[in-house]
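*Asks:* For our numbering, add 63 to where a residue sits in the sequence shown, where the first one is 1.
Among the clues, some could well be false.
Said to hold, decoys possible - In the DSSO-like style, the derived pairs of lysine-lysine whose C-alpha atoms are separated by at most 30 Å in a straight line are:
id: 1; residue 1: Lys300; residue 2: Lys208
id: 2; residue 1: Lys271; residue 2: Lys208
id: 3; residue 1: Lys271; residue 2: Lys318
Keep in mind the hints are simulated off the structure, nothing from the lab.
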Amino acid sequence: ENVLARGLCGRCGDVGDHFTHACPLAGNPGRVPRRSGQQRRSRGKKLTWTNALGGTEGVLSLSAFLHAHRLTKLAPLLKEHKIQSRSDLEDLDYEGLREQITDEDIRKQLSLLHALVLEQQEQAAFQVNEEIGSAQHLAFLSHYKMESGTEAALMRAEIERVLMQEDPESAAHQLNVPVFLDSEDLSDLEELEEHVRRSHNLVLLLTKDVLLRPWVLVEIVTAVDTDVRVMPVEVNKKGAGFVFPDEEFYARFTKGEVLDKD
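Could you put together the complete structure from these sequences and hints?
*Replies:* As C-alpha coordinates, this is what we get:
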(Lines of atoms letter the chains of each structure in order from A and count residues from 1; the text may use other names and numbers.)
(Lines give C-alpha, C1' and ligand atoms only; values in the text may rest on other atoms or scores of the structure.)
Protein backbone atom coordinates (compact mmCIF):
# COMPACT_ATOMS: atom_id res chain seq x y z
CA GLU A 1 0.00 0.00 0.00
CA ASN A 2 2.82 2.38 0.83
CA VAL A 3 4.51 2.56 -2.57
CA LEU A 4 7.12 5.14 -1.68
CA ALA A 5 8.30 3.19 1.35
CA ARG A 6 9.24 0.28 -0.89
CA GLY A 7 11.91 2.28 -2.64
CA LEU A 8 12.90 5.56 -4.29
CA CYS A 9 15.99 5.18 -6.52
CA GLY A 10 18.22 8.19 -7.10
CA ARG A 11 20.03 6.39 -9.93
CA CYS A 12 17.24 5.35 -12.31
CA GLY A 13 14.30 7.25 -10.80
CA ASP A 14 12.16 4.18 -10.17
CA VAL A 15 9.55 4.48 -7.41
CA GLY A 16 8.29 1.59 -5.26
CA ASP A 17 10.79 -1.06 -6.39
CA HIS A 18 14.22 -0.46 -4.85
CA PHE A 19 16.55 2.10 -3.29
CA THR A 20 19.72 3.51 -4.91
CA HIS A 21 22.13 0.99 -3.35
CA ALA A 22 20.14 -1.89 -4.84
CA CYS A 23 19.63 -0.38 -8.29
CA PRO A 24 20.14 -2.97 -11.06
CA LEU A 25 21.98 -0.34 -13.09
CA ALA A 26 24.73 -0.13 -10.47
CA GLY A 27 26.31 -3.44 -11.49
CA ASN A 28 25.20 -3.42 -15.12
CA PRO A 29 24.97 0.09 -16.62
CA GLY A 30 23.54 -1.24 -19.87
CA ARG A 31 20.65 -3.03 -18.23
CA VAL A 32 17.16 -1.64 -18.54
CA PRO A 33 15.61 -1.42 -15.07
CA ARG A 34 12.47 -3.40 -14.29
CA ARG A 35 9.23 -1.41 -14.82
CA SER A 36 11.09 1.16 -16.92
CA GLY A 37 7.77 2.25 -18.40
CA GLN A 38 6.49 3.16 -14.94
CA GLN A 39 9.79 4.89 -14.24
CA ARG A 40 9.31 7.24 -17.19
CA ARG A 41 5.76 8.01 -16.12
CA SER A 42 6.86 8.70 -12.56
CA ARG A 43 9.57 11.19 -13.37
CA GLY A 44 8.56 14.77 -12.88
CA LYS A 45 5.27 13.77 -11.27
CA LYS A 46 4.57 15.83 -8.21
CA LEU A 47 3.38 13.99 -5.13
CA THR A 48 0.17 15.83 -4.24
CA TRP A 49 -2.61 15.38 -1.69
CA THR A 50 -4.77 13.97 -4.50
CA ASN A 51 -2.53 11.06 -5.43
CA ALA A 52 -1.03 10.62 -1.97
CA LEU A 53 -4.09 10.57 0.24
CA GLY A 54 -6.75 8.57 -1.53
CA GLY A 55 -6.64 9.97 -5.07
CA THR A 56 -7.02 8.02 -8.28
CA GLU A 57 -3.32 7.54 -8.96
CA GLY A 58 -2.41 5.45 -5.93
CA VAL A 59 -2.78 5.48 -2.20
CA LEU A 60 0.16 6.46 -0.01
CA SER A 61 0.16 6.88 3.73
CA LEU A 62 0.43 10.28 5.36
CA SER A 63 3.84 9.34 6.75
CA ALA A 64 5.09 8.60 3.23
CA PHE A 65 3.86 11.98 2.07
CA LEU A 66 5.62 13.74 4.96
CA HIS A 67 8.79 11.79 4.21
CA ALA A 68 8.70 12.78 0.55
CA HIS A 69 8.46 16.45 1.48
CA ARG A 70 11.00 16.22 4.32
CA LEU A 71 8.39 17.02 6.96
CA THR A 72 8.90 13.93 9.09
CA LYS A 73 9.27 15.84 12.36
CA LEU A 74 5.57 16.61 12.10
CA ALA A 75 4.52 12.95 12.26
CA PRO A 76 4.25 12.69 16.09
CA LEU A 77 2.46 16.03 16.28
CA LEU A 78 -0.09 15.10 13.61
CA LYS A 79 -0.62 11.72 15.21
CA GLU A 80 -1.25 13.38 18.56
CA HIS A 81 -3.95 15.53 16.99
CA LYS A 82 -5.44 12.54 15.12
CA ILE A 83 -4.65 13.96 11.68
CA GLN A 84 -5.10 11.10 9.22
CA SER A 85 -6.64 12.44 6.04
CA ARG A 86 -6.60 15.28 3.58
CA SER A 87 -9.70 16.86 5.10
CA ASP A 88 -8.06 16.71 8.54
CA LEU A 89 -5.08 18.64 7.20
CA GLU A 90 -7.33 21.23 5.55
CA ASP A 91 -9.30 21.76 8.80
CA LEU A 92 -6.25 21.97 11.05
CA ASP A 93 -5.78 25.23 13.04
CA TYR A 94 -2.20 25.87 11.94
CA GLU A 95 -1.84 29.27 13.64
CA GLY A 96 -3.16 28.01 16.95
CA LEU A 97 -0.98 24.92 16.80
CA ARG A 98 2.12 26.94 15.89
CA GLU A 99 1.70 29.05 19.02
CA GLN A 100 1.85 25.91 21.17
CA ILE A 101 5.14 24.66 19.65
CA THR A 102 8.53 25.69 21.02
CA ASP A 103 10.73 23.61 18.70
CA GLU A 104 11.79 25.93 15.86
CA ASP A 105 12.32 23.12 13.33
CA ILE A 106 8.83 21.77 13.90
CA ARG A 107 7.40 25.29 13.63
CA LYS A 108 9.11 25.73 10.25
CA GLN A 109 7.90 22.37 8.98
CA LEU A 110 4.36 23.18 10.11
CA SER A 111 4.52 26.44 8.16
CA LEU A 112 5.71 24.54 5.08
CA LEU A 113 2.94 22.01 5.47
CA HIS A 114 0.35 24.79 5.75
CA ALA A 115 1.69 26.43 2.59
CA LEU A 116 1.56 23.09 0.80
CA VAL A 117 -2.05 22.48 1.84
CA LEU A 118 -3.06 25.96 0.62
CA GLU A 119 -1.31 25.34 -2.69
CA GLN A 120 -3.11 22.05 -3.18
CA GLN A 121 -6.47 23.65 -2.36
CA GLU A 122 -5.86 26.34 -4.99
CA GLN A 123 -4.87 23.74 -7.57
CA ALA A 124 -7.93 21.63 -6.76
CA ALA A 125 -10.21 24.67 -7.15
CA PHE A 126 -8.57 25.53 -10.46
CA GLN A 127 -9.01 21.96 -11.66
CA VAL A 128 -12.71 22.01 -10.73
CA ASN A 129 -13.17 25.29 -12.60
CA GLU A 130 -11.42 23.79 -15.63
CA GLU A 131 -13.66 20.72 -15.52
CA ILE A 132 -16.79 22.85 -15.26
CA GLY A 133 -15.63 25.02 -18.14
CA SER A 134 -14.75 22.11 -20.43
CA ALA A 135 -18.18 20.53 -19.78
CA GLN A 136 -20.00 23.48 -21.35
CA HIS A 137 -21.37 23.59 -24.91
CA LEU A 138 -21.38 26.47 -27.34
CA ALA A 139 -24.58 25.09 -28.87
CA PHE A 140 -27.22 22.50 -28.05
CA LEU A 141 -29.00 21.19 -31.16
CA SER A 142 -32.65 20.56 -30.32
CA HIS A 143 -34.58 18.72 -33.05
CA TYR A 144 -37.03 15.97 -33.97
CA LYS A 145 -34.83 13.12 -35.17
CA MET A 146 -37.42 11.67 -37.58
CA GLU A 147 -37.70 14.97 -39.42
CA SER A 148 -34.26 16.58 -39.13
CA GLY A 149 -31.83 13.99 -37.82
CA THR A 150 -29.61 14.17 -40.90
CA GLU A 151 -29.65 17.95 -40.97
CA ALA A 152 -28.76 18.16 -37.27
CA ALA A 153 -25.81 15.79 -37.68
CA LEU A 154 -24.52 17.74 -40.71
CA MET A 155 -24.96 21.03 -38.87
CA ARG A 156 -23.02 19.74 -35.88
CA ALA A 157 -20.18 18.51 -38.09
CA GLU A 158 -19.97 21.78 -40.01
CA ILE A 159 -20.10 24.00 -36.91
CA GLU A 160 -17.36 22.00 -35.22
CA ARG A 161 -15.26 22.00 -38.40
CA VAL A 162 -15.42 25.77 -38.66
CA LEU A 163 -14.77 26.31 -34.95
CA MET A 164 -11.98 23.75 -34.56
CA GLN A 165 -10.18 23.99 -37.91
CA GLU A 166 -10.72 27.52 -39.14
CA ASP A 167 -10.60 29.42 -35.87
CA PRO A 168 -7.54 28.57 -33.72
CA GLU A 169 -8.67 31.09 -31.10
CA SER A 170 -12.15 29.61 -30.71
CA ALA A 171 -13.30 28.67 -27.22
CA ALA A 172 -14.42 25.37 -28.73
CA HIS A 173 -10.87 24.08 -28.36
CA GLN A 174 -11.32 24.12 -24.58
CA LEU A 175 -14.61 22.19 -24.59
CA ASN A 176 -15.08 18.43 -24.50
CA VAL A 177 -18.26 18.65 -26.62
CA PRO A 178 -18.56 22.06 -28.33
CA VAL A 179 -21.87 21.17 -30.02
CA PHE A 180 -24.24 18.83 -28.18
CA LEU A 181 -26.62 16.75 -30.29
CA ASP A 182 -29.43 15.38 -28.16
CA SER A 183 -30.21 12.31 -30.26
CA GLU A 184 -26.57 11.16 -30.12
CA ASP A 185 -25.61 12.04 -26.57
CA LEU A 186 -28.92 11.61 -24.78
CA SER A 187 -29.12 9.19 -21.86
CA ASP A 188 -31.86 10.42 -19.48
CA LEU A 189 -34.07 13.42 -18.96
CA GLU A 190 -32.23 14.92 -15.99
CA GLU A 191 -28.91 14.68 -17.79
CA LEU A 192 -30.50 16.24 -20.87
CA GLU A 193 -31.70 19.23 -18.84
CA GLU A 194 -28.24 19.62 -17.32
CA HIS A 195 -26.65 19.76 -20.79
CA VAL A 196 -29.12 22.49 -21.79
CA ARG A 197 -28.15 24.51 -18.70
CA ARG A 198 -24.46 24.17 -19.62
CA SER A 199 -25.06 25.47 -23.14
CA HIS A 200 -24.61 29.02 -24.37
CA ASN A 201 -27.19 28.62 -27.15
CA LEU A 202 -30.07 26.25 -27.84
CA VAL A 203 -30.45 25.87 -31.60
CA LEU A 204 -34.01 24.72 -32.33
CA LEU A 205 -34.45 23.11 -35.74
CA LEU A 206 -37.96 23.97 -36.87
CA THR A 207 -39.74 21.15 -38.69
CA LYS A 208 -43.37 20.09 -39.01
CA ASP A 209 -43.92 18.30 -35.69
CA VAL A 210 -40.96 19.46 -33.61
CA LEU A 211 -43.23 21.25 -31.11
CA LEU A 212 -45.13 18.01 -30.54
CA ARG A 213 -42.08 16.25 -29.13
CA PRO A 214 -42.18 16.31 -25.29
CA TRP A 215 -38.41 16.21 -24.88
CA VAL A 216 -37.95 19.12 -27.26
CA LEU A 217 -40.44 21.10 -25.19
CA VAL A 218 -38.49 20.23 -22.03
CA GLU A 219 -35.33 21.51 -23.71
CA ILE A 220 -37.00 24.80 -24.68
CA VAL A 221 -38.49 25.38 -21.23
CA THR A 222 -35.18 24.55 -19.53
CA ALA A 223 -33.34 26.98 -21.80
CA VAL A 224 -35.82 29.80 -21.13
CA ASP A 225 -35.76 29.18 -17.37
CA THR A 226 -31.94 29.32 -17.26
CA ASP A 227 -31.48 32.26 -19.68
CA VAL A 228 -29.94 30.13 -22.43
CA ARG A 229 -30.46 31.90 -25.75
CA VAL A 230 -32.90 30.05 -28.04
CA MET A 231 -32.05 30.32 -31.74
CA PRO A 232 -34.78 28.95 -34.07
CA VAL A 233 -33.54 27.69 -37.43
CA GLU A 234 -36.13 26.79 -40.06
CA VAL A 235 -35.39 23.61 -42.01
CA ASN A 236 -36.71 23.73 -45.57
CA LYS A 237 -37.52 20.11 -46.25
CA LYS A 238 -40.24 18.71 -48.48
CA GLY A 239 -43.06 17.22 -46.45
CA ALA A 240 -41.67 18.48 -43.13
CA GLY A 241 -42.08 22.23 -43.44
CA PHE A 242 -42.65 24.11 -40.21
CA VAL A 243 -45.97 25.88 -39.72
CA PHE A 244 -45.67 28.75 -37.27
CA PRO A 245 -48.18 28.37 -34.40
CA ASP A 246 -51.16 30.68 -34.17
CA GLU A 247 -53.35 31.63 -31.21
CA GLU A 248 -55.60 28.61 -31.78
CA PHE A 249 -52.58 26.28 -31.47
CA TYR A 250 -51.50 27.85 -28.19
CA ALA A 251 -55.05 27.69 -26.82
CA ARG A 252 -55.29 23.97 -27.64
CA PHE A 253 -51.78 23.43 -26.30
CA THR A 254 -52.68 25.06 -22.98
CA LYS A 255 -55.73 22.82 -22.68
CA GLY A 256 -53.61 19.72 -23.24
CA GLU A 257 -55.21 18.94 -26.59
CA VAL A 258 -52.04 18.97 -28.69
CA LEU A 259 -49.74 16.36 -27.13
CA ASP A 260 -50.62 12.70 -26.81
CA LYS A 261 -51.62 11.84 -23.25
CA ASP A 262 -49.16 8.94 -23.33
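*Asks:* Output the numbers, in ascending order, of every earlier hint that fails for this structure.
*Replies:* Violated hints: none; all satisfied.
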